[in-house]
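A.B. asks: Using the sequences and the accompanying hints, generate a full structural model.
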Amino acid sequence: MKARKKCLEHSYSEYSVLENFILYSAKETFSPEA
Numbered sequence: 143m144k145a146r147k148k149c150l151e152h153s154y155s156e157y158s159v160l161e162n163f164i165l166y167s168a169k170e171t172f173s174p175e176a
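In the working numbering, the protein residues as written are 143 to 176.
The reader is advised that the hints may include incorrect statements.
Claimed, not checked - Here are the in silico distance ranges between beta carbons for each label pair:
(1) Lys144 with Ile164: 25 to 33 Å
(2) Lys144 with Phe172: 41 to 49 Å
(3) Phe172 with His152: 28 to 36 Å
(4) Ala145 with Leu165: 29 to 37 Å
(5) Leu150 with Glu170: 25 to 33 Å
(6) Ser167 with Lys147: 24 to 32 Å
(7) Tyr166 with Arg146: 25 to 33 Å
(8) Cys149 with Lys169: 24 to 32 Å
(9) Ala168 with Lys148: 25 to 33 Å
(10) Glu151 with Thr171: 39 to 47 Å
Rather than coming from a laboratory, the hints here were simulated on the basis of the structure. Remember, predicted model here, so these are calculated numbers, not experimental data. Virtual Cβ for every residue (Gly too), placed ideally from N, Cα, C.
C.D. replies: Rendered as structure tokens:
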């Protein structure tokens, strides 16, 4: 159970980083100052 939880936390962390990168890219792309 512990190992499984750690695995889930790891993939959630990677997903979070990816999501933040996508949001940041979108902000840069659609920024009027770009």
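A.B. asks: State for each hint whether it applies.
C.D. replies: Hints, one by one, checked against the model:
| no. | hint | result |
| --- | --- | --- |
| 1 | Lys144 with Ile164: 25 to 33 Å | 31 Å, holds |
| 2 | Lys144 with Phe172: 41 to 49 Å | 42 Å, holds |
| 3 | Phe172 with His152: 28 to 36 Å | 31 Å, holds |
| 4 | Ala145 with Leu165: 29 to 37 Å | 31 Å, holds |
| 5 | Leu150 with Glu170: 25 to 33 Å | 30 Å, holds |
| 6 | Ser167 with Lys147: 24 to 32 Å | 30 Å, holds |
| 7 | Tyr166 with Arg146: 25 to 33 Å | 31 Å, holds |
| 8 | Cys149 with Lys169: 24 to 32 Å | 31 Å, holds |
| 9 | Ala168 with Lys148: 25 to 33 Å | 31 Å, holds |
| 10 | Glu151 with Thr171: 39 to 47 Å | 30 Å, violated |
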